[in-house]
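I would like the entire structure built from these sequences, with the hints used as guidance.
Residue numbers (our numbering), protein chains in the order written: chain L, 1 to 139; chain S, 140 to 524.
Be careful, since some hints might not be right.
To give an idea of the chain L side of the interface with chain S (calculated C-beta under 8 angstroms), a few residues [to be verified]:
{"id": "1", "residue": "R42"}
{"id": "2", "residue": "R48"}
{"id": "3", "residue": "R56"}
{"id": "4", "residue": "L57"}
{"id": "5", "residue": "L78"}
{"id": "6", "residue": "A100"}
These stretches of chain S come out as covered by chain L in the derived footprint (C-beta under 8 angstroms, 3 or more residues) [stated by the list, open to error]:
{"id": "7", "region": "232-245"}
{"id": "8", "region": "469-477"}
In silico DMTMM-like links for lysine to aspartate or glutamate, alpha-carbon gap of 20 angstroms or less [claimed, not checked]:
{"id": "9", "chain 1": "S", "residue 1": "K363", "chain 2": "S", "residue 2": "D417"}
{"id": "10", "chain 1": "L", "residue 1": "K51", "chain 2": "S", "residue 2": "D218"}
{"id": "11", "chain 1": "L", "residue 1": "K75", "chain 2": "S", "residue 2": "E391"}
{"id": "12", "chain 1": "L", "residue 1": "K134", "chain 2": "L", "residue 2": "E109"}
{"id": "13", "chain 1": "L", "residue 1": "K75", "chain 2": "S", "residue 2": "D347"}
Derived by calculation from the structure, the hints in this document are not laboratory data. Glycine included, each C-beta is placed from N, C-alpha and C at the ideal position.
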Amino acid sequence: MRILRLVVCLCLFLLASMTAGAVEIIANRDVGVGRLTVTAARAIFGMRQVKWPDGRLIRVFVLPDSHPLHGALCKERLNVYPYQLRQSWDRLVYSGMAQAPEEVASEAELVARVAATPGAIGYAGKVQGNLPIKVIYVE
Amino acid sequence: MAPWLAAMWLVAGTAQADQNVQVHGFLSQAAVHTDANNVGGSSEDGVGLDLRELGVNASYRPNGDWLLSAQALARWAGDSDEGDARLDYAFVDRTLSSDASHRVDVQVGKVKNPYGLYNTTRDVAHTRPGVLMPQSIYLDQVRNFFLASPGVSFTGDVYRGEDVMNWTLNFMRPEVDDEAMTAFMVTQQPGHFEGRNSWLGQWLWEHDGARWRAGLTLGSVAMKYHPTPTEFLQPGRIRLNTGVLSLQHNRENVVLTAEYALVRQLRNGFGVPALDLDTTVEAAYVQGEWRFRPAWRAYARYEELYLDRDDRDGEGFSALSGLPAIQRYAKDAVLGVRFDATPGWALSAELHQVNGTAWLPRLDNPAAQMQKHWHMLLLQAAYRF
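Here is the structure:
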């Protein structure tokens, strides 16, 4: 029994380490930026930075707060908790300082919207090569 | 309430024709029971339902440099606020400069004033730290002093590694012509106040993804009293020089917040010794919040408010004015729980044990009937989109 428990734990651990790091920030192919600092990525997803260096409007797409992929984006790429991002959006949206990100229901829809919207940024779990999007690296 | 506000609110959820236009809104309804004193129409043996908020906002961002925003609000709070629809804010925001290291914006119109961590969205239940704002710092009786005012605002962010510095500087004339404020400032007199040239500034530092937030608000807000021809008060002036220190620590399941405020009230020209005072309001609260399950949080808060830090028990004021000493201080212990039933809906319950009546609405609580020790239970349902 003890060995079985150990094996199950090991499998769970392996699974967890495989899924960790399984979120990538993606953007529409027309976006001229390939890398972002954590602070810059946070400012963009926090709706405080609203334009790309070429002046084009940034369009942010997100999943619901409770979606595991959204949690992964917050923790692994932005280093914030999802509730903090939500509070930050609320503060801005209800004081007129900024607009809210666009929320979509599923990862497939998020990828499709980013691919179809100029200036768009979002995130995805696994990025397939044949999609008309680019991956943005966070450093 | 104006029908146009309800109509706008109903239409809002669906009418987003342009991708650059957004519409959002919020509403809340609370039920309150007190064992003494009146809040939201409650009485010793009844339940008050007179605590309600309804708001809708629209924004238009044609490009990365311009933003137009406006919000309409109706609010009910006992006799001091009776649901008149009003413009909460309406301004044009222009980004003057923006790159990977900073952003600077200017806003012109009716702009939101920074004051502590929560003032700019104080009427949106989801953004408050509890059912009621901590009354020590965010005293509802003088809310219009700090709320939003016609003026100009400069605001920006500076990004440095793991730190973000957010700053705001507003120049405005506060909209203070309201009955609750007049009652608070000069007891019940028939005249009215008018805002004078004022400023408020805030510096907010966020470290490590806002795990730490520290803020300093400074300002000087002024108003002038216009007596009616028949009353005995002279056209006095009040200037509030204010400072607020804010500190917050965010962890995955725990949020700790503390704020401390000093407000020096300089009054002169009323021709009444009890009103021509130079006193300093002192206020502070500490709050701990525990997110014990997804969508659930429990919180505890303790706050103190002294309308004159050199006369904390109010006895000096009472001797001078003949009014009760208990209306000069309040110590409030709060326990609360909130359940976010859906992303839009939040249900809250909050229990207060209070000593003193400094933040009670004067219009709902005549001095002679105020009780020193009292309890209050609040239940609230709130929705936002």
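Cross-check of the supplied hints:
Hint on R42/L holds. Least Cβ distance to chain S is approximately 6 angstroms, under the 8 angstroms limit. Hint status for R48/L: holds, given a least beta-carbon distance of 6 angstroms to chain S, under 8 angstroms. Interface restraint check: R56/L against chain S, minimum CB-CB distance 7 angstroms, threshold 8 angstroms, status holds. A least Cβ separation of about 5 angstroms between L57/L and chain S falls short of the 8 angstroms threshold, and the interface hint therefore holds.
Proximity of L78/L to chain S holds as hinted, the smallest CB-CB distance being about 7 angstroms (cut-off 8 angstroms). Interface restraint check for A100/L: the shortest CB-CB distance to chain S comes to about 6 angstroms, inside 8 angstroms, so the restraint holds. Residues of the region 232-245 of chain S lying with their CB closer than 8 angstroms to a CB of chain L number 6, which satisfies the three-residue condition for coverage. Figure legend: the region 469-477 of chain S, annotated as covered by chain L; annotation inconsistent (0 residues with Cβ-Cβ distances under 8 angstroms, at least 3 required).
Distance check on the hinted pair: K363/S and D417/S sit about 16 angstroms apart at the alpha-carbon level, within 20 angstroms; holds. Using a Cα cut-off of 20 angstroms, the hinted pair K51/L and D218/S is violated, with the two alpha carbons roughly 46 angstroms apart. Using a Cα cut-off of 20 angstroms, the hinted pair K75/L and E391/S holds, with the two alpha carbons roughly 10 angstroms apart. Straight-line distance between C-alpha atoms of K134/L and E109/L comes to about 16 angstroms, which keeps the hinted pair within the 20 angstroms bound.
In summary, the hint linking K75/L to D347/S is supported, as the alpha carbons are separated by about 12 angstroms, within the 20 angstroms threshold.
Of the hints listed earlier, those the structure fails to meet are numbers 8 and 10, in rising order.
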